[in-house]
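Engineer: Below, each chain spelled out in residue letters.
Number of protein chains: 2
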Amino acid sequence: MNAAAHRGLIEAFWRHANARDWPAFGALLAPGVLYEMPQTRERVRGRQSYVEFNRTWPGDWRVVVERIVADASQGVSEIRFLVDGQDMTGLNFFVFEAGLIQRITDYWPEAYEPPARMSTVVERC
Amino acid sequence: MNAAAHRGLIEAFWRHANARDWPAFGALLAPGVLYEMPQTRERVRGRQSYVEFNRTWPGDWRVVVERIVADASQGVSEIRFLVDGQDMTGLNFFVFEAGLIQRITDYWPEAYEPPARMSTVVERC
Numbered sequence: 004m005n006a007a008a009h010r011g012l013i014e015a016f017w018r019h020a021n022a023r024d025w026p027a028f029g030a031l032l033a034p035g036v037l038y039e040m041p042q043t044r045e046r047v048r049g050r051q052s053y054v055e056f057n058r059t060w061p062g063d064w065r066v067v068v069e070r071i072v073a074d075a076s077q078g079v080s081e082i083r084f085l086v087d088g089q090d091m092t093g094l095n096f097f098v099f100e101a102g103l104i105q106r107i108t109d110y111w112p113e114a115y116e117p118p119a120r121m122s123t124v125v126e127r128c
Numbered sequence: 004m005n006a007a008a009h010r011g012l013i014e015a016f017w018r019h020a021n022a023r024d025w026p027a028f029g030a031l032l033a034p035g036v037l038y039e040m041p042q043t044r045e046r047v048r049g050r051q052s053y054v055e056f057n058r059t060w061p062g063d064w065r066v067v068v069e070r071i072v073a074d075a076s077q078g079v080s081e082i083r084f085l086v087d088g089q090d091m092t093g094l095n096f097f098v099f100e101a102g103l104i105q106r107i108t109d110y111w112p113e114a115y116e117p118p119a120r121m122s123t124v125v126e127r128c
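These protein sequence lines map, in sequence, to chains A and B.
Adding 3 to a residue's 1-based position in the first sequence gives its number in the numbering used here.
Adding 3 to a residue's 1-based position in the second sequence gives its number in the numbering used here.
In short, the hints are calculated from the structure, not lab data.
There may be inaccurate statements among the hints.
Covered, in the sense of this in silico footprint (three residues per stretch, anywhere, with C-beta under 8 Å from a C-beta of chain A), are these stretches of chain B [said to hold, decoys possible]:
hint	region
1	11–24
2	60–74
3	105–119
This structure is a prediction, so every number in the text was calculated from the model and none was measured.
Backbone N, C-alpha and C define an ideal beta-carbon position, used for all residues, glycine too.
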């Protein structure tokens, strides 16, 4: 599949998640899909488990897609994950094969206070 | 420019950074390049300032590129930033225009302890 089709897969992934349409969501995933969260060293293996992981996520959450980059084999989304008054940034790397999502690697960067900088060119906004 | 050329720009960006070849690094940047770090709400504006920001970064650092995704207008790299025994993950979003880097948005996700999970499908690795 080409870049545009992979972009469409990522759009569908979040659309079905927001709609809680778990059959449609699951149909985008390879049977052996691997989901990884490097920051916590957690993973979920397989379509059924990964659907369950999302289906049982607590709260009335909603995802807003801010950016998608996709090429002939991979893709990335930058999202806002909104739940219970929280507004988190998620960065989601996708690997595709034969039109299905084979691997997802999620990062959840958090705000922190900047260190002292070596140069004066940095502004705060 | 196409996806392959944009991938090449990201490869050159990190190659020149690792080589401390600041003229070659700067030549990849648009004059009005904008660098943003959303986690600390910091930014650096303009080619000269952004080269300075990188040139003065402390330590004998080195970048290992783990993954690049690029399309006809944007790109992303996942890197390891190695310095003083530290091994950090960086996620770098690039926006291109006319063959130059117009905008860079960096995220630096850190390890954290996982919360209690609602489902039993999550493994620790």
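Engineer: Please go over all the hints and tell whether each is borne out by the structure.
Structural biologist: Tested hints:
1. Counting residues of the region 11–24 of chain B whose beta carbon lies closer than 8 Å to any beta carbon of chain A gives 0, which falls below the threshold of three, so the coverage claim is violated.
2. With 6 residues having a beta carbon nearer than 8 Å to a beta carbon of chain A, the region 60–74 of chain B meets the requirement of three or more and the stated coverage holds.
3. Closer than 8 Å: that is the beta-carbon criterion, and the region 105–119 of chain B has 8 residues meeting it against chain A, so the requirement of 3 holds.
Of the hints listed earlier, the one the structure fails to meet is number 1.
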